[in-house]
Amino acid sequence: MSDATVSTLGVAALWLLVTLPALAGIALCLTGRRANLVAVPVSLGTAGFTVAAAFVVASFRPSVEVPFLAGASFGLAVDGLSALIVPTVAVITLMVLVFAAAEGTESPARFHGLMLIFAAAVAVTATATTLPTLLFAWEIMGAMSYALIGFHWREDHRVGAGLTAFITTRLGDLGLYLAAGAALAGGAGMGLADLATAPSPWRHLIAAGILMAAFGKAAQLPFSFWLSRAMEGPSPVSALLHSAAMVAMGGYLLLRLAPLLEVTGWAATTAAWVGALTALLLGAVAVTQTDLKQLLAASTAAQLGFVVLAAGVGSLAGGTAHLIAHASTKALLFLAAGAWLVALGTKQLPALRGAARRWPLVGVTFAVGALSLAGIAPLALWATKDQLLAAAWETSTALYVVGLAAAALAAAYAGKALIIVWSHPLANAADKYDTEQRGTRHIAAWERVPLTVLAVGAALLGVLTLPPVGDWVRGVLGAESDPRPGMLELVGSTLLALLVLGLVAWKGAPRSSWAANWLGLEQTTRVMVVDPLLLLSKRLARFDDAVLDRGIHVAARAVALGARRLGRFDDHGLDAAVTAAARGSIVTGSAAARADTDGVDAAVEAIAGTARRFGVIARRPQTGQLHQYYAQITVVLVVAVILLLVLLLPVMR
Amino acid sequence: MLLVIVFSALAVTALASGIAVFRVDSMARSAYALAVSFVAVGAMLLMFDLDYIGVITILMMVMEMAIMAIYMIMFMGMNPALMPMSMVHNKRWSAILAVGTFLLLAGGALLIPWPARNGSPAADLTASLGEAIMGSKMLVMLTVSPILFATIVAALVLANPRGRYDRWGDDLNRPTPDDPQQGGLGR
Amino acid sequence: MTLQLVLIAAAALFCVGLYGALSQQVVVMVMMGLELMLNGVILAVTAFWWFLTPIPDGQVLLLVVIAAMTVEMAMGFAVATLLHRSRGSDMTDSATDLTG
Amino acid sequence: MLSLVVFLPVLTAVFLVVVPRVPDRAARWAWLGIALIDLALLVGMWIAFDSPKPGDLAYEEQLQWMPSVGSSYHLGVDGLSLPLLTLTAVIFAACAVYALRENDRPRPQAALFLFLQSACLGVFAAQDLILFFVFFDLSLVGMYFVIAGWGHGNAARSALKFFLYTFLGSLALLLGFIGLYLGADPHTFDMAELAQSPPFQNSPVAGGFVLAAILIGLAIKTPTFPFHTWLPPAHTDAPAIGSAVLAGVLLKMGTYGFVRIAMPLLPDAWRSWAWVIIVVGIVSVLYGALVALAQTDVKRMIAYTSVNHMGYIVLAVGAAGVVSDSSAQAQELAVTGAVVQMVSHGLITSALFLLAGVLYERRQSYDLNAFGGLAAPAPRYAAFFAVAAFASLGLPGFSGFIAEFQIFAGSIGTVPLSLLALPGILITAALFLLASQRLLTGKPRGLSTGFSDLNTNETLSIGSLLVLSVVIGVFPRFLLDIIEPAASVVVNLVSR
Amino acid sequence: MNVALDTLSLLPEVFVLGGAIVALLAGSFLPRNRQVATRWIAIWALMASVVAAAVGMMQPSTTIFEASFAVDIGSGFGRIIIALGTIFVIVLGIEELSGTRRESETYALLLLAALGAMLLSGASDLLILVTGYLLTSIPLYALIGMSRSPHAAEAAMKTYLLGALLGIMMMLGVTVLFGVGGGTSYRQLGPALLGAPAAAVAVGVVAVLGGLMFKAGGVPGHFWIPDATQAAGTAVAAFLTTIPKVGALVAAYRLLDIIPASIDWPLLVGLLAAASMTLGNLAAFWQDDVRRLLGWSTVSQVGYLLLPVAVAGRSDLALPSLLLYLAGYAATNLTAFAVVAALPTRRAITDYRGAASSHPWLAGALVVSLLGLVGTPPTIVFVGKLTTLAAAWDGGLVWLVVIAVINSVASLFYYLRWLAPMFSRTPALSYPTATLSPVAAAARARRRWAAHSAITGAVFVLVLGVVAGGILSIAGSPLVH
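Residue numbers (our numbering), protein chains in the order written: chain F, 1 to 653; chain D, 1 to 187; chain G, 1 to 100; chain E, 1 to 496; chain B, 1 to 481.
It is worth saying that the hints were derived from the structure and are not from the lab.
Honestly, I wouldn't trust all of these hints.
Claimed, not checked - Label-pair ranges, simulated between beta-carbon atoms: (1) ASP97/G x THR176/D: 33 to 41 angstroms; (2) ARG167/D x SER149/B: 18 to 26 angstroms; (3) VAL449/F x VAL43/E: 47 to 55 angstroms; (4) SER149/B x ALA206/E: 52 to 60 angstroms; (5) ARG448/B x LYS53/E: 21 to 29 angstroms; (6) GLY135/D x ILE474/B: 32 to 40 angstroms; (7) ASP104/E x LEU25/B: 37 to 45 angstroms; (8) SER3/E x ALA52/F: 51 to 59 angstroms; (9) SER3/E x SER149/B: 52 to 60 angstroms; (10) PRO191/B x ALA127/D: 27 to 35 angstroms; (11) SER197/E x ILE474/B: 23 to 31 angstroms; (12) VAL205/E x ARG92/D: 45 to 53 angstroms; (13) PRO31/B x GLN181/D: 19 to 27 angstroms.
To be verified - A partial selection of chain B residues facing chain G, derived with a Cβ cut-off under 10 angstroms: (14) LEU8; (15) GLY182; (16) ASP227.
Note that CB positions come from ideal geometry on N, CA and C, so glycine has one too.
The task is simple: from the sequences and hints, build the whole structure.
Here's what the structure looks like:
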C-alpha cells in the first residue's frame, strides 16, 4: 500500500472510530422504542466495527484536524499512548455490550445508544490533540455517565446518584476551562502537546486545571465519593464507564500530560501523592465495604490512584500498562458482580457467599480478576503495579512505601471478596437474595463469553511490562528509560500479596468504620459546599423576592422558616444532597409563592407604592380653593425673583 | 416741593381708600372706595402731564364702579348698605404674602440703580400718543379691537343664559321673542 | 418727587390689591383686589415713563393696561353672573368641586 | 433587500389589521408564511454574505432622514448582526409554528408578532443610533402588548412592570445616544461615523457618564444584576411564545448593544470601566445561577438562568476591554464567544420557554413540585426537556458549549480573575438537572398523570430550535466564520 | 412702514378675524339646525389662514409694524399649527357642537382665541404680548363656561381669576421691562437690557413668564388646566390644552431670546420646566377621569416643551426642536382628545375597559397618541423629545435632561393605566346597553366625525414622525427681531 493509501485508510478509520458509534448511538436514542428490536444488532455491529477501526488506527497512527474554534482546531491523532488505549477501550466496550445484550435490559435502544455515544466520546477523548476537543468529549462522557447511572429513571435515587456523579465530575471539569483560558493567555496555544511550553505563571494555572479535571474524572481524592453513588447504575455501565473507560480517562489525561506536570515542578509531585494516597485510603475504604459493587468502586479509585501516581512519577509505561490491565480486570469483576446481581438480586457480600460455586465459570473468571487485583503473580496487575512502583521508588521512598501499603490493601479487599464468593454457601443463603431486585437465578451463556475474554486479559496483560512485549510497549510509548521493577520487588510484592491474602483468609478483613463511609467525603462535601451553596441560593432568592416585595412580614416569616428549616436539618441529620435540595426548594417555592400572592405582585407595587405616595402628594396643591392657588402663584413668583436675585449676588460682587 | 406734597397726599389717599376697599363692611362701599383710589391715581397721572389718559382713567373708573354697584344690587340682590360683609379667609397668610411682595418690590424700587432718563417727553403728549397709535404701535390698537369684540361675545355668552334660539325659536321665526318676563325692544 | 417714591406708592397699591385678591371670598371682591393691583401698575407705568423712558410707548402701554382692566372687569362680571346662576353662589370658596 | 427583510413582517401585520375579516386560519398561516419567507431571505443573505472590510457593512442601505440632526435611515449587516438577524427570524418562525393551534384572538396575535419581528430585526440591522432606538422602543411596545394581551396570571401588572422598567432603560440609552451625538464632531448619530472617530477621546469624565447611561440602559435590557427584577415576573406571566421571543430575541438587544454601540463607540471609557463590567458580569453569573437554583417555578428558574447566561456575555465583553500586548487573540475569542452565546441562548432558552409553555397549556401550572415522572406519560416531552436542559447547561455538542468555552477561555485569558465565574456553569448544571429530575423522573405523580405528549406543532417548533443548537454545537465553523472577523474588528476598535 | 404691505403679511390673522366675524354674524341669522354654514366659514377661514401662512413662510423673514410683529419661522409654524389645530378641534367637535344653541358663537370664539395665539407666536413687542394674551384668554373663559354646568362655571371662574391675576402680573413685568429697556419692541429691548439693572430685568422676566405660563399651562399658572379640561366640553378642552400653548411657548422663546445672560433665566425656566413635568406627571398618576388625566398630562408636556425654551439661543437645536415638538404635541394631544370625543359615554378610565374590542380603530388611535405623548418612536413627539433633550443638553442643562427622562418613564405609568384596561377581555358595563341592542349601543357610543379625526390624527402622528427630518430642516432658520 502506498503511503497515501495508508494515510487515507487511517484517517477514514479514525473518523469511523469516532463518528460511527456516535451516529449509531444518536440514531438509536432518537428512534427510541421503535428501535428496541434492532438495538442489539446495531450496537454490537457498531462496536465490532469500532474494534476493527481501533486496531487500524492503532497501527496506522493517523491524525486529522478540522477547524473548530479560533486558535483551536478540532484535532484527533493517534500516537503511541492512544494506540494502546483506544483498542483496549474498544474491545472492552464490545465485551460489555455483548454482556449487556445477553443480560437484557429495559429500553435497549436507549441503553445501547447511550453506551455507543459514550464509546465515541471516549474515542475522541483518547485521541484529542487540543483542549477544546478534549473538553468536548470529556463533558459528553460525563453527561452519558449521568444518563446511564440514572438509566432506570423511575427510581429517584438512581437519578440523584447520576446527578451527584455529574456535578462532581463537572466540578473537576471546570479545571479544563481554566486550563484553556490560561493556555490562551500564555500564548502557547491550545494543543495538548504545546501546553508544557506555556510561560511560567500560566503553566502553573494550566497544570492546576488539568489536575483538577483529572482528579475529578478519575475519582481521586477528594472527589472519590461520586464513584460510590455511581454504583446505582446498571452493572455494565459500572463495568465500562466507572472502571475501564471514563474513570480511566482521568488517569489517561495525566499520563498524556505528564511532561506538563513535570515542568511545573509541583504538579507532578502533587499528582504522585494524591494518587498514592487515593490508592491507600480508597484501598482501606474498599476493604471495609460489604457491598460488592461498592468494594469494586473503591478499588477502582484506588487502582486509578496507581495510574495517577505513575503519571506523577513519570512512569508512562507503567501507568499505561496498569491502566490497560486494570481496565480488563475491573470490567471483568464488575460484569461478574452484575451477573450475580441479576441472577441473585443482591450485591451484598454476605449474601453472595458461595455465589461463585453456583456458576463455576463465572466464579473462576472472578477469581482470576480478583487475584490479578490482589497482585498475585503472574497475573496482570501484579506486574504493571510493580513497574510503576519501581518508578515511584526512584522518586521517593515514602511514595513507594505508601504505594506498597496500598498494594497490600488491594490484596486484602480482593481477597475478601474472593473468599466470600468462593466459600460454601450457607443453608439459608436464598433468604438474603433479592434484596435489591428480583433475581433471575440464571446467567445466560452469552454472558460468559465476555467474562472469559476479559479474564484472559486480566491474566495475561502483565506481559505489557515484561520483556519482550514490555520493551515493545516502551518503544511505542517512547518511554524506553522508564525504570523496570527488579526481581526482588516482583517477588516481594507477590509474597506480600499472598501474605495479606492469607491473613484475610485467616482473620477476615479488618473493619474500620471511618473508611466504610468512603471517608465521609460526600458528607464533608455536602456540609462544606453543597449545603452552604443551597442556603446561599435560597437566601439570595429570598433577597431577590424581598427586593421586589419589600414586605417586612415576608422577611420575618422567611427568617422563621429558615430557622425551622435548620431545625429540620438537625432532626434528620445530614440527608442526601438531593433530598435536601428538593426540600429546601419547596420552602423557597412557597416563600416565592407567598411573595406573589401576599405581596400582590412585587415591583409594580413597590414602584407604585412610592409613586402612589408622590402621586397623592402631587395632587394636594390642587385644593380647589382659588385663594390657595393665588397664594401659591404669588409664592412661586416671589421665590423665582428671589432666586434670580440671589444668583445675581456673586455677579454683583 | 409742593409737587411732592400734593403727590404724597394723593398717594396716601389712593392707598388709604385702597385699604378701605377691604375694610368697609359692604360691597357698595368697597366699590366707592375703589373709585376714590382710582380717582386719586388719575389725579397723579394728571400731575405727570398725562391729561388725556388721566382723565380717561378717572372717567372710566367712576363709570365702572357705578356699574359695579348697580351690578351688585341688580344681580346679587343685595342691599349694599345693610349687608355686613366679612367674607375673608386666610387673612394672615394673605397679609404675609402681600407684605413680602411689597418688601420685595419696594426694596427693588429703592435699591435698583435706575438708569438715567433717556430723552424727554414730547411737547404735546396727546398728539404723540395719537401718532404712536396710528404709527409705530398701530398693530397694538389693531389687536385691541378684536379683544373688545371677543369680550362682547364672550361676556354675552357667559352672562346670558338665553340665546336667540331660546327667544325666537330654533328657526328664528317666532313673531315675538319668548322671554320669561316680556319687555324690552322688539316687543 | 423721585422715581423711587412713585414706585413705592405703586408697589403699595399693588400689594394692597394683592392682599385683597388673596383674602377675599366673593368673586367681585377679588376682582376689586385685582383692580387695585392694576391701579398700582398704572402708577408704575406712569413713573417709568416719566422718569426713565419718556417715549409714547409708555402712553400706549397705559392705554393697553386700562383697556385690559376694562375687558377683564367685563369678563369678571360675566363670569360672576354665570357662577351665580349655575351654582347659586358668588363665593370662590363654595366652588371647589374640581380638585386633585 | 435588508429593508424588505425588516419591513416585510410589519407590512403583513398592517395588512392583517387593515383588511377586515381575514379568517383566523388565514392569519395564522400568513404569519407562518411570512416568517418563513423572511427566514429564507436571511438564509439567502447569509449564503451570499462576504465579510465586509473593517468599517464597512454588507447589504448597506442609507437614506436621508433627519439631516439636520445627523441621523439617517441607515441599515447594514456585519458579522455581529447577521447571526442575530437570522436568530430572530428563526425564533419568530418557531413561534409561528408553535402558535398554529392558538385560538385566542389569532389575527391580532399574528399581527402583533409580525410587528414585533420587524422591530427586532430593525434593532439588529440599524446602523444609526436613532434608528436603533426607534426599533428598540417599538420592540418594548410590542412585547408589552404581547404580555398584557395574551399573558396569564398577573399579566397586566407584569407587563406594566416590564414596560416601565425597560422603558427607563431605553431612555437611559437615549440619554447616552444624545451624549454621543453631542460629543461627536460633527454631530452625528451614525454608528459607522461615530466608530470611525469616537467622541470623548480626551474627556474621560464626560465619556464615563455617557457610557454609564448607555450601560444602564443596556444592563436593564440584558438584564444584569441588579437590574434583572423585571424579568422573572414578565416571563412568568407572558404567553409561551412571548417568553420565547422575550428571552430569545429581546434580551439580545442589550448584549448586542454592548458590542455594537458601547464598545466601538466609547473605547476609552470602555477600557477604563471594563473592570466594573467584569464584576457585574461575574456577579450576574453567580447570582443568577444561585437564585435560579432555589426556584420551583419553571419559568422563573429559566428566567434567572437567563440572568446567568447573559452574565457570561457581560463578562466576556468586559474582559475584551482589558487590553494588553498579547491578549488580542483572547479578546477576540471572548467577543466571539459572547456573540455565539447570544445566538445559543436565544435558541436554547426559547426552546425551554416553549417547553414550559406546554406545561402551562396542559396543566396551568409552572410548579416543578406539582409535576414528576413526566417521562412516562410524555416521553417526547421529557426527551426534549432533558436535551434542552443539557444544552442550556453548556454540554458539548450543543451551541452553549461553543459559546461558554470561548467566553471562559477568552475571559480567563485576558483577566484570570474571571475564573471566579466558573462555578456558574456548575450551579447551572445542578439546577437544570435537579429541575429535570423533579419534573421528568420518578413515578408519575401530581399533574403529570394523563399529560399528553408534544403534538406536531410543538415538536416541530421546539425541535428545530434544538437541532440548530446541535448543529452549531457540532459544526460551529459556519457561524464562527461570520462572527470572527467582526469580533476582530470590535476588538481592534476597542483597543485603539 | 408700509401699512398695506404689513397688513398683507398679517393675512393669516386677518382671515381668522374675518372668519370669526362672519361666522358670528351669519350665525345670528341662521336657524339652529343650519348653523353648519358657520362651521364651514370657520374652517375655510382657517384653511385660508394656513395657506396664507405657508405662503408667508416662503418669503424671507421680516418684522412688520415697526418690529412689533415678526413674520418668521416661529410665527409661521405657530400660525400653521394653530390654524390646523383649530380645524382639527372643530372637526372633532362636530357631533358635540352641531345644532347647539351657541354653535356659531363657539366657532367665533375659537377663531378669536386662535387669533390671539397667533398674535402671541409672532409677538415681537411687549404690547402685542399683552394684547395677544388678552385675546387668547377672553374667549377661553367663555368657551369653558359655555356649557353652563356647575362644574363648567366653576372652571370658568377659576380660569378667569387666575388669568386675570397672571395677566396683571404680566403687565407688571411688561411695565418693568419697558421702564429699564427703554421701549417695548424686542428690537429695542434686546440691546438695551444688556446694560439694564439685572434685578429689574429679573422681576420683569419672572412676571412676564408668569403670564405666559398661564397661557401655556405650566407651573405656576397650571391650576386651571385640569379643572377646565375636565369641566369644559371635549372640543374646548382639546383646544385649550393645545392651541394657547403653541402661542405662549413661541412667545416665551421669542422673549427669552432677547433677555441677556445677566440673569440666570435658563435656570429659572429649567426649574419651571422640571416643576411642570414632575407635578403634571405625578398628579396624573391616580386620576380616574380621562380628561382630567389628559389635563395633567398637558401640564407635564409643557415641562418638556420648556426645555428648548430654557436654552433659547444657546443651542442651534433649540428653536427647531421647540417648533417640531409643538407640532407633534398638538397633533398627538388633539388625537387623544379626539378619541375621548369619539367615546362620549366613557369618562372614567374604568369605562374604557374592553373598548379595544368594540372600537379597535379608536383603541389604536389612543395607543398611538398616548404612547406618542410618552415619546415612543416613531411618533413625532419622539423626535421632538429627542431633539429637545439634545438641545437642552447642548445648552448645558444636563440635570434637566435627566429629570425629563425620569419623568417620561413616570408618565408611561398613567398612560398605561388608561391603555391597559382597554385591552382587557371583560368590557365595562357602564354605558347603557340595557335598552338597546349591542350594535346600536356601540354605534351610539361612538361619534363618527370624532372617530375619523382621531384615526386621521393618529396617522398624522406617525407620518409626521417619519418626515420629521424635513420639518427640522425647515425650522432651522433663526428668529428675527
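Requested in this report: State, for the Cβ atoms of ASP104/E and LEU25/B, whether the hinted interval 37 to 45 angstroms holds or is violated.
Outcome: violated (59 angstroms)
Requested in this report: Double-check GLY182/B for me: the hint is only fine if its C-beta lies closer than 10 angstroms to a C-beta in chain G.
Outcome: Given a least distance of 5 angstroms, the restraint on GLY182/B holds.
Query raised in the report: Within 18 to 26 angstroms or not, the Cβ separation of ARG167/D and SER149/B?
Result: About 22 angstroms separates the Cβ atoms of ARG167/D and SER149/B, which means 18 to 26 angstroms holds.
Requested in this report: With respect to the beta-carbon atoms only, verify the hint that PRO191/B and ALA127/D lie 27 to 35 angstroms apart.
Outcome: Roughly 28 angstroms apart at Cβ, these two residues keep to the hinted range, so it holds.
Query - Hinted contact ASP227/B with chain G - closest CB pair below 10 angstroms - result: Constraint on ASP227/B satisfied, holds at 4 angstroms.
Report task. Can you let me know if the beta-carbon spacing of SER197/E and ILE474/B is within 23 to 31 angstroms? Result -> holds (29 angstroms)
Query raised in the report: Does 21 to 29 angstroms hold as the CB distance between ARG448/B and LYS53/E, or does it fail?
Result: With Cβ atoms ~58 angstroms apart, the hint is violated.
Query raised in the report: Between GLY135/D and ILE474/B, does the beta-carbon spacing fit 32 to 40 angstroms?
Result: With Cβ atoms ~34 angstroms apart, the hint holds.
Query raised in the report: So the hint says 33 to 41 angstroms: do the beta-carbon atoms of ASP97/G and THR176/D match that?
Result: The hint (33 to 41 angstroms, Cβ to Cβ) holds, given that ASP97/G and THR176/D are roughly 39 angstroms apart.
Query raised in the report: That 51 to 59 angstroms hint for SER3/E and ALA52/F (C-beta), does it hold up?
Result: holds (57 angstroms)
Query raised in the report: Could one say that the CB atoms of VAL449/F and VAL43/E fall in the range 47 to 55 angstroms?
Result: holds (52 angstroms)
Report task. Using Cβ atoms only, decide whether LEU8/B comes closer than 10 angstroms to chain G, and label the hint accordingly. Result -> violated (24 angstroms)
Of the hints listed earlier, those the structure fails to meet are numbers 5, 7, 14, in rising order.
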